[in-house]
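Q: Those protein sequences? They're chains X and V, same order as listed. Start counting the first sequence at 1; every next residue gets the next number (our numbering). Start counting the second sequence at 199; every next residue gets the next number (our numbering).
Hints were generated in silico from the structure; no laboratory data involved. Fair warning: this is a prediction, and the values are worked out from it, not measured in the lab. Backbone N, C-alpha and C fix where the C-beta goes; we use that ideal spot for every residue, glycine too. Among the hints, a few may not be true.
To be verified - Listed next, with one range per pair, are the computed distances between beta-carbon atoms:
1. A46(X) - I222(V): 28 to 38 Å
2. D83(X) - E221(V): 46 to 56 Å
3. F62(X) - Q226(V): 32 to 42 Å
4. K227(V) - P111(X): 27 to 37 Å
5. K227(V) - N74(X): 11 to 21 Å
6. G84(X) - N228(V): 40 to 50 Å
7. V217(V) - R116(X): 26 to 36 Å
8. S105(X) - D218(V): 17 to 27 Å
9. D218(V) - K53(X): 20 to 30 Å
What the hints assert, rightly or not - Per the computed footprint, the stretches of chain V lying under chain X, defined by three or more beta-carbons under 8 Å from a beta-carbon of chain X, are:
10. 203-212
11. 217-228
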Amino acid sequence: MRTSPTFILLLVFPMAPLTYGQKATNKRSLKPVETTVCRILDDPTAYNNKLVKVRGYVSGSFESSVLLDEHCSNDGIWFVFADGSGPPELVISTLGKGTPGSRDSKGRATPPIPVRLIKDSNFEELQHYWALSAKGAACINEPLTAYPPDCTTYRVTATFIGRVDGVSKEVHVAHLKRSSNTRLIGKVSDRWGCLMPR
Amino acid sequence: MGMFDAQIVVQSVENVFHVDESEIRIEQKNHNDQLF
Numbered sequence: 001m002r003t004s005p006t007f008i009l010l011l012v013f014p015m016a017p018l019t020y021g022q023k024a025t026n027k028r029s030l031k032p033v034e035t036t037v038c039r040i041l042d043d044p045t046a047y048n049n050k051l052v053k054v055r056g057y058v059s060g061s062f063e064s065s066v067l068l069d070e071h072c073s074n075d076g077i078w079f080v081f082a083d084g085s086g087p088p089e090l091v092i093s094t095l096g097k098g099t100p101g102s103r104d105s106k107g108r109a110t111p112p113i114p115v116r117l118i119k120d121s122n123f124e125e126l127q128h129y130w131a132l133s134a135k136g137a138a139c140i141n142e143p144l145t146a147y148p149p150d151c152t153t154y155r156v157t158a159t160f161i162g163r164v165d166g167v168s169k170e171v172h173v174a175h176l177k178r179s180s181n182t183r184l185i186g187k188v189s190d191r192w193g194c195l196m197p198r
Numbered sequence: 199m200g201m202f203d204a205q206i207v208v209q210s211v212e213n214v215f216h217v218d219e220s221e222i223r224i225e226q227k228n229h230n231d232q233l234f
């Protein structure tokens with residue numbers, strides 16, 4: 001049996017606007033806001049639960065990972081990959097009591113924008129130099145494993161796309177109250193994203 | 199600043215660039231020497 005081309009067109013044509021509409025909606029909702037680390041630091045709540053695109057350099061230690069901008073380098077944005085991992089130096093991380101997401105104009109909770117880590121060559125390059133830098137920084141305090149020792153550290157700059165979550169300042173207060181090799185003393189954040197040592 | 203700081207939950211990385219931090223320190227020192 002032969003199917004008429006006109007019949008096929010009649011079947012496909014009404015679906016085309018629907019399909020286009022779905023694609024356009026997805027694209028619009030997933031487009032990141034281009035901004036800077038400094039602007040986010042100026043008003044973090046304005047960016048809560050928004051997808052952003054920012055350029056900056058990363059700095060990690062055993063208890064924190066931060067995204068910095070040389071134009072406002074005294075402060076930074078807490079940094080975590082969407083799979084929950086952090087920099088190579090980070091020993092352990094924990095979540096606070098709160099949940100990511102936001103509230104609409106009527107105060108109803110809205111779910112967090114879904115983010116899924118893309119482990120491509122750019123991600124691997126970042127990880128590679130971050131790990132090399134961590135090794136370089138550690139060589140000052142550790143017994144020599146190679147001679148001459150390679151204590152090179154790198155400033156790794158990149159453009160990052162991700163979701164901004166508000167983090168309570170209590171996280172920082174808790175850090176100040178923590179002594180080395182102990183768990184956090186005091187109340188942990190009511191939002192999420194606190195990093196702490198073993 | 200308000201009650202909250204920010205955390206970024208990264209989904210992708212682009213345009214990675216690295217530089218030896220000792221070079222940055224030398225550049226900063228030269229810059230400071232020129233100023234004073």
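Q: Of all the hints numbered above, which does this structure not satisfy? Sort the numbers upward.
A: 2, 3, 4 and 8
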